[in-house]
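Start from the sequences and build out the full structure, keeping to the hints where you can.
In order, the protein sequences belong to chains W and D.
The letter at position 419 of the first sequence is residue 419 when you use full-length UniProt numbering, and the numbering goes up by one with no holes.
The letter at position 29 of the second sequence is residue 29 when you use full-length UniProt numbering, and the numbering goes up by one with no holes.
Derived by calculation from the structure, the hints in this document are not laboratory data.
Model, not experiment: these values are computed from the prediction.
Treat the hints with care, since some could be wrong.
To be verified - These stretches of chain W come out as covered by chain D in the derived footprint (C-beta under 8 Å, 3 or more residues): (1) 190-200; (2) 210-218; (3) 270-284; (4) 414-423.
Stated by the list, open to error - Taking CB as the label site, the calculated pair distances span: (5) W:Asn101 / D:Val145: 23 to 33 Å; (6) W:Lys109 / D:Val300: 57 to 67 Å; (7) W:Ile317 / D:Val300: 27 to 37 Å.
Stated by the list, open to error - For lysine to aspartate or glutamate, the following EDC-like pairs were computed, each having C-alpha atoms within a straight-line distance of at most 20 Å: (8) D:Lys264 / W:Glu274; (9) D:Lys264 / W:Asp266; (10) W:Lys419 / D:Asp179.
Heads up, the beta-carbon is just placed ideally off N, CA and C, and yes, glycines get one too.
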Amino acid sequence: MSRPRSQAEYLARLVPPSVAGINRRSLLAGAAGTGALLGTGLLAGCGDDSGGSDSKDVSLGSNQSDPKPKDVVAKVTDGFKTSSGIQVAVNTVDHNTFQENINNYLQGKPDDVFTWFAGYRMRFFAQKGLASDISDVWGKLSGYSDAFKKASTADDGKQYFVPASYYPWAVFYRKSVWQQHGYQTPKTLDEFTALAGQMKRDGLTPIAFADKDGWPAMGTFDILNLRINGYQFHIDLMAGKEAWTSDKVKKVFDTWAGLLPLHQPDSLGRTWQEAAQSLQQKKSGMYLLGLFVGQQFSNEEQNDLDFFTFPEIDPAIGAKALDAPIDGYMMARKPKNEANARKLLEYLGGKAAADITVKNDPATLVANTGADVSGYTALQKKAAELVGSATEIAQFLDRDTRPDFASTVIIPALQQFIKDPKDIGGLTSSIESQKKSIFTD
Amino acid sequence: MSDLPLIQADRAVPPPAATTSTGGRRRRLRLLSRTDRVVITLMVLVPLLLVTGFVWLPAAATVLLSGTNWDGIGPLNEIEFVGARNYSDVVNNYPPFMPAVQHNLLWLAALFVVATPFGMFLAVLLDKELRGSRFYQTALYLPVVLSLALIGFVWQLLYSRDQGLINAVFGSNIDWYGDSNVNIWAVMVASGWRHVGYIMLLYLAGLKGVDPSLREAAAVDGASESRTFFRVVFPVMRPINIIVLVVTVIESLRAFDLVWVVNKGRNGLELISALVTQNVVGEASRIGFGSALATIMLVVSLVFITIYLATVMRENRQ
Numbered sequence: 001m002s003r004p005r006s007q008a009e010y011l012a013r014l015v016p017p018s019v020a021g022i023n024r025r026s027l028l029a030g031a032a033g034t035g036a037l038l039g040t041g042l043l044a045g046c047g048d049d050s051g052g053s054d055s056k057d058v059s060l061g062s063n064q065s066d067p068k069p070k071d072v073v074a075k076v077t078d079g080f081k082t083s084s085g086i087q088v089a090v091n092t093v094d095h096n097t098f099q100e101n102i103n104n105y106l107q108g109k110p111d112d113v114f115t116w117f118a119g120y121r122m123r124f125f126a127q128k129g130l131a132s133d134i135s136d137v138w139g140k141l142s143g144y145s146d147a148f149k150k151a152s153t154a155d156d157g158k159q160y161f162v163p164a165s166y167y168p169w170a171v172f173y174r175k176s177v178w179q180q181h182g183y184q185t186p187k188t189l190d191e192f193t194a195l196a197g198q199m200k201r202d203g204l205t206p207i208a209f210a211d212k213d214g215w216p217a218m219g220t221f222d223i224l225n226l227r228i229n230g231y232q233f234h235i236d237l238m239a240g241k242e243a244w245t246s247d248k249v250k251k252v253f254d255t256w257a258g259l260l261p262l263h264q265p266d267s268l269g270r271t272w273q274e275a276a277q278s279l280q281q282k283k284s285g286m287y288l289l290g291l292f293v294g295q296q297f298s299n300e301e302q303n304d305l306d307f308f309t310f311p312e313i314d315p316a317i318g319a320k321a322l323d324a325p326i327d328g329y330m331m332a333r334k335p336k337n338e339a340n341a342r343k344l345l346e347y348l349g350g351k352a353a354a355d356i357t358v359k360n361d362p363a364t365l366v367a368n369t370g371a372d373v374s375g376y377t378a379l380q381k382k383a384a385e386l387v388g389s390a391t392e393i394a395q396f397l398d399r400d401t402r403p404d405f406a407s408t409v410i411i412p413a414l415q416q417f418i419k420d421p422k423d424i425g426g427l428t429s430s431i432e433s434q435k436k437s438i439f440t441d
Numbered sequence: 001m002s003d004l005p006l007i008q009a010d011r012a013v014p015p016p017a018a019t020t021s022t023g024g025r026r027r028r029l030r031l032l033s034r035t036d037r038v039v040i041t042l043m044v045l046v047p048l049l050l051v052t053g054f055v056w057l058p059a060a061a062t063v064l065l066s067g068t069n070w071d072g073i074g075p076l077n078e079i080e081f082v083g084a085r086n087y088s089d090v091v092n093n094y095p096p097f098m099p100a101v102q103h104n105l106l107w108l109a110a111l112f113v114v115a116t117p118f119g120m121f122l123a124v125l126l127d128k129e130l131r132g133s134r135f136y137q138t139a140l141y142l143p144v145v146l147s148l149a150l151i152g153f154v155w156q157l158l159y160s161r162d163q164g165l166i167n168a169v170f171g172s173n174i175d176w177y178g179d180s181n182v183n184i185w186a187v188m189v190a191s192g193w194r195h196v197g198y199i200m201l202l203y204l205a206g207l208k209g210v211d212p213s214l215r216e217a218a219a220v221d222g223a224s225e226s227r228t229f230f231r232v233v234f235p236v237m238r239p240i241n242i243i244v245l246v247v248t249v250i251e252s253l254r255a256f257d258l259v260w261v262v263n264k265g266r267n268g269l270e271l272i273s274a275l276v277t278q279n280v281v282g283e284a285s286r287i288g289f290g291s292a293l294a295t296i297m298l299v300v301s302l303v304f305i306t307i308y309l310a311t312v313m314r315e316n317r318q
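See the structure below:
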């Protein structure tokens, strides 16, 4: 057989009809079956992107992609429609995806109102003009403490954010497991370590732990840093003002290295949902996570879930500071329906929206103190008290610092630490030198 | 009459030849009407504009941005040039970079040494017209229909440490996706699973095109099966071998979706493409720094593309 002279001739020889016809047919049959199986699950994730220009419309970009919070958003927007007659087109995007695409989203054609968090990034977007000033909406809002108003205010002194909910980070456990073994809430780090050791002897994994996604370990770093060095140091460290090579940071890692053997092993392959399920299945004794851990528990089990704030390490610092990130809403820079967007924000920040949220999601705490919280579970009441009694509230590592620093430096660094907790000196100097290349201005 | 379209086709394919040659203007005018020339111009211009606009301009912009510290927000005139600082940071001050280069090379080696030969082997087997070979073809090719992102998800169900099938069946406790010594291999198995099917189909198509008389001649001469394949069939398939080689290289450079689905290319799964995405696409927006990584990847790709083009052109000249 001669070699093909041209590419066309060559390509024509490639697929003889006998192969092509049969293969395509049988492949299609197989693919159709697979498609039918997979399609149902995938399509559920697609958002609705119908933003109309009708004056009875307003669009809301939501990152509340988990079933329960998504349902709450739907009920709240229904409530808004009933009260104002304005239809809300909710565009739900997976939580992590939403967060990662936020720059492009805000500079492109964002929805009129979008979900976001208090903290460094909120102030940054306000400063860059990617969000609109909503001080006038704040003029109509009531029921917010000064701490929340401060958390909604950008560097120019104006408000850009309407808080909706918040959740504390604490150490969660199942009451039934603790009663069975007679465990007591630890008040100091020594008691905490002793308790974890006892759990190990009782055949439990003392501390559930997962860091596949990179961010849950930040919670552990934060709380240790807050307990060892205090709130102001946390803020300064996150702002790039303190050195990561300082003894203060090394002490945080040292303490963590001491606790690491009490954590669930192989955490880098586990999602927080899987770790929470090990708590739910009574295989783990406790789990440091946000209040959203409750999502992995059935309704009957909610009453069995309890928590304590991470114990004191340094008596001079105390145990009154904690991470309690605030979620809420912001308005895009040029909303299509500005008047409706402001109305929606006012509704979202008001008592009615808060009441609907309380009724439908047992895992969140509403920011508006005017809300009827008689529907709170015992757990929610306790969580609200905890945050109310906190002297300082941090937002969470990746919300209190530059996102490029958090995601490209801190996540790999903390994962490296979990893999190899011995080389703290090398790790901190690596973080410090990368920090200097990022915090340039 | 019958050879007129042939001539036309020959003249029409390389338009530069038509404009550069000086003689025979009248004859060309006869062959190519005004409509033909408009069509040819459009057919050249439109793809050219598309390639320039969507490939070369962004590539040039990436190289340009790699010398800046842009964070992706705000007007272009606020961009500050920082020289080669991003490159020195990538090499000296970015721990994930060196593992990423190693993983890319490992990926290439694994596809080249294991997955590609295995796919070719399967193709040779299926070429034997076994019973039910259509079923095998379909089964082996199915993974190619699935996106790598989906494959990552499917394998996650097998690999999950606490809830995965593998650990449940074997009672093992291996952290397939989390242990940084294991996960790159686990992911490469998943990637190879797909790659084998792809190569198998490419190669099978090529094998079907080989003139059976060649094999008969070899058989008459008393050559064994394996000798026939390596001495007769394999050399005849040189063009498809090159395609398979290039596909393998491209697949290993493109490797991204899978590690991204697994853990965003961190903790043992660093790949250059994943690092680019982490820095540029994510919330981080280190556009300048990420562009430096992308430029490095572009240079590596160019090396392979040059080798490929050189081979193909030499082929054409012969």
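Hints broken by the structure, by number, lowest first?
-> 1, 6, 7
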